[in-house]
Amino acid sequence: MNLVDVRHLFAGYGERMVLKDVSFDVQCHEVLGVLGPNGSGKSTLVRVLSGFLPFDGEVLFEKRSIRELERREVARFVAVVSQSPLRPTMGVWEYLSMGRYAYHGVWDFRLSQRERELVEEMSERFGITHLLYRLLTELSGGEFQLAQIVKALIQQPRFLIMDEPTAHLDIHHQVMILDWLEKIKAEVTVLVVLHDINLAALYCDRILLLKEGGVEVVDAPEKALRYERIEKVFGVPVVVFDDPVAHRPHAYLVPKRILQQNTEEGKNNE
Amino acid sequence: MARNRLFFLGILGLTISFTVVVSVLSLALGPSGIDVVEAFRLWMEGKEGLGRDILVKIRFPRWLLGLSVGGALSLAGLILQSLFANPLVEPYTLGISGGATLGVCIGIVVGKWMGWQFPLFVWSLGGGFLFMGILYLLSRRRRNSLATIYLSEMLLLGLMLSFLSSGMVMFFLALARAADLHQIISWTMGSLEQGRPVLLPWIGSVSVVGCVVAWLLHRELNAFLLGEEEAFFLGVSVEVMKRVFFVLAVVLTAFAIAGAGVIGFVGLLVPNLYRKVVGTNHRWLVPLTFVGGGGFLVGCDLLARVVIAPLELPVGVITGILGGVLFMGILLGEKRQ
Numbered sequence: 001m002n003l004v005d006v007r008h009l010f011a012g013y014g015e016r017m018v019l020k021d022v023s024f025d026v027q028c029h030e031v032l033g034v035l036g037p038n039g040s041g042k043s044t045l046v047r048v049l050s051g052f053l054p055f056d057g058e059v060l061f062e063k064r065s066i067r068e069l070e071r072r073e074v075a076r077f078v079a080v081v082s083q084s085p086l087r088p089t090m091g092v093w094e095y096l097s098m099g100r101y102a103y104h105g106v107w108d109f110r111l112s113q114r115e116r117e118l119v120e121e122m123s124e125r126f127g128i129t130h131l132l133y134r135l136l137t138e139l140s141g142g143e144f145q146l147a148q149i150v151k152a153l154i155q156q157p158r159f160l161i162m163d164e165p166t167a168h169l170d171i172h173h174q175v176m177i178l179d180w181l182e183k184i185k186a187e188v189t190v191l192v193v194l195h196d197i198n199l200a201a202l203y204c205d206r207i208l209l210l211k212e213g214g215v216e217v218v219d220a221p222e223k224a225l226r227y228e229r230i231e232k233v234f235g236v237p238v239v240v241f242d243d244p245v246a247h248r249p250h251a252y253l254v255p256k257r258i259l260q261q262n263t264e265e266g267k268n269n270e
Numbered sequence: 001m002a003r004n005r006l007f008f009l010g011i012l013g014l015t016i017s018f019t020v021v022v023s024v025l026s027l028a029l030g031p032s033g034i035d036v037v038e039a040f041r042l043w044m045e046g047k048e049g050l051g052r053d054i055l056v057k058i059r060f061p062r063w064l065l066g067l068s069v070g071g072a073l074s075l076a077g078l079i080l081q082s083l084f085a086n087p088l089v090e091p092y093t094l095g096i097s098g099g100a101t102l103g104v105c106i107g108i109v110v111g112k113w114m115g116w117q118f119p120l121f122v123w124s125l126g127g128g129f130l131f132m133g134i135l136y137l138l139s140r141r142r143r144n145s146l147a148t149i150y151l152s153e154m155l156l157l158g159l160m161l162s163f164l165s166s167g168m169v170m171f172f173l174a175l176a177r178a179a180d181l182h183q184i185i186s187w188t189m190g191s192l193e194q195g196r197p198v199l200l201p202w203i204g205s206v207s208v209v210g211c212v213v214a215w216l217l218h219r220e221l222n223a224f225l226l227g228e229e230e231a232f233f234l235g236v237s238v239e240v241m242k243r244v245f246f247v248l249a250v251v252l253t254a255f256a257i258a259g260a261g262v263i264g265f266v267g268l269l270v271p272n273l274y275r276k277v278v279g280t281n282h283r284w285l286v287p288l289t290f291v292g293g294g295g296f297l298v299g300c301d302l303l304a305r306v307v308i309a310p311l312e313l314p315v316g317v318i319t320g321i322l323g324g325v326l327f328m329g330i331l332l333g334e335k336r337q
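Going down the list, the sequences are from chains V and B. Following the working numbering, the numbering of the first sequence begins with 1 at its first residue and continues without gaps. Following the working numbering, the numbering of the second sequence begins with 1 at its first residue and continues without gaps.
Do not rely on the hints blindly, as some may be mistaken.
Claimed, not checked - Using 35 Å as the maximum straight-line C-alpha spacing, the simulated DSBU-like pairs for lysine-lysine come out as follows:
#, chain 1, residue 1, chain 2, residue 2
1, V, LYS185, V, LYS63
2, V, LYS20, V, LYS267
3, B, LYS242, V, LYS63
4, B, LYS57, B, LYS112
5, B, LYS242, V, LYS20
6, V, LYS267, V, LYS183
Claimed, not checked - Among chain V residues calculated to face chain B with C-beta under 10 Å, some are:
#, residue
7, LEU86
8, GLY91
9, PHE126
10, ARG158
11, PHE234
12, VAL240
13, PHE241
14, ASP243
Source of the hints: derived by calculation from the structure; they are not laboratory data. Think of the CB as a built atom: it goes at the ideal place given N, C-alpha and C, for glycine as much as any other residue.
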């Protein structure tokens with residue numbers, strides 16, 4: 001069953017159209033990875049799906065148009081872990097509890113006992129209880145990324161969008177963050193924007209490959225990540241083979257220098 | 001380390017104590033020589049006479065104006081700083097004060113020529129809203145652009161608007177009659193002395209209502225600290241809230257300027273000082289900034305009255321010097337950390 005349907009989407013900034021006739025769907029409880037070169041429209045897509053950027057076309061959340069929904073309703077449906085939010089000198093507990101904003105009115109601003117427990121439960125589950133009484137500015141990059149994910153989950157969304165959650169993180173933290181995707185996908189459907197093709201292949205159920213604002217392919221990693229398609233979209237030669245451990249496609253870059261050497265050696269051998 | 005409730009209550013207690021002390025001194029000291037004990041006795045006895053008149057008709061309105069204007073300016077600074085997630089923003093740097101001052105000048109010079117008898121706060125509000133409108137129109141561009149230089153653009157535009165308003169004020173000074181000239185100059189220097197009794201209830205009410213509204217919207221102010229986009233993702237109706245906060249900041253600034261003229265640095269210094277001490281939770285920052293701002297301006301006014309007694313300095317001079325030195329101290333402290 002589809003949780004999100006995107007039909008003939010056009011969006012951009014002023015005169016400049018970034019997304020051109022984009023159509024795809026997001027199925028319940030899947031992890032959909034979005035890949036594409038810089039400027040292909042990944043972050044614009046995140047902004048449209050969160051309701052931030054105006055668009056032409058249709059975005060449906062469980063068959064209801066996003067345009068029909070109130071701002072707080074959208075925030076109860078979709079939460080976003082953004083790429084580089086500001087980090088004020090705010091306490092982590094305060095920051096996490098802001099995830100409940102969409103569930104409160106102007107006069108009703110106190111967290112209920114249940115909500116306090118939710119903040120504690122989520123923090124415990126993600127192993128950040130020890131950070132609750134620290135300031136955001138005191139956290140490392142990985143800790144802050146985790147805090148962002150916990151805040152988004154405290155929002156109790158049906159649909160979680162993560163815009164490059166592994167950017168600027170070391171491999172330990174990259175794997176830690178992406179491992180959590182597997183654990184939370186029973187509760188929430190995830191759209192994750194990634195730059196690393198191999199991480200996307202390892203952790204995503206399907207891949208949406210964007211090229212120049214259009215959809216190149218939406219399919220399972222084995223079908224979507226073929227070498228000719230990666231070369232076409234990213235403009236670099238790659239070799240794709242089947243990862244013998246994970247049984248997912250694994251791509252590695254072939255530098256032009258080596259490619260030229262091999263070609264010359266081939267010619268010489270002939 | 002995040003702070004607990006007891007810490008915030010302690011800071012609030014200290015702020016209220018400071019404000020009470022400077023308030024008592026402000027009511028008790030002055031060139032007439034009526035001291036603390038005498039002032040208190042006159043107050044309690046309620047007898048008619050010169051001493052009581054000085055207390056009730058001069059010192060009390062001045063103190064109340066100081067509290068209201070200080071609170072309003074600090075709150076306007078806090079709101080704008082949170083809205084733009086930038087500690088250097090305040091009504092002056094964004095040109096709102098310039099607009100309000102220009103409005104007052106036009107009211108004094110042109111209004112008198114043309115025979116338009118509007119209260120000064122109407123002129124001040126008109127000028128403030130005009131300049132804020134220009135800034136707001138620019139801020140609406142952001143949603144449809146990826147410009148990360150948006151904030152610096154806004155600040156630059158605000159500075160340009162400030163320069164523009166200064167130039168225009170000079171222009172009206174050149175056109176003004178001798179009688180109006182003094183009024184405009186004393187306005188631009190800022191003083192609690194010129195407080196108009198008619199305006200006082202208005203300024204007091206606007207400040208208190210502004211504080212209550214800002215406190216009710218403390219979660220939205222907190223959300224804006226994460227950036228406009230993050231606030232939107234949390235469910236904040238960003239465009240509506242931006243309008244509410246802009247209007248609130250303009251109204252608070254315009255009434256403060258109509259009541260006491262141009263008083264700089266209060267809106268910059270007080271919120272930054274409290275942010276350094278208690279962090280960024282507006283649930284506490286709003287009341288602290290409001291009470292602390294009032295206390296700070298009353299204290300500055302007290303200094304303005306005693307530094308070269310029996311003569312008086314405009315309070316804007318004291319806030320400028322004291323505010324500038326303290327703010328540099330905060331920045332240097334931050335750099336050292």
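*asked:* When the structure is checked against the list of hints, which entries are broken? Sort them ascending.
replied: Hints 2, 6, 9, 10, 11, 12, 13 and 14 contradicted; others consistent.
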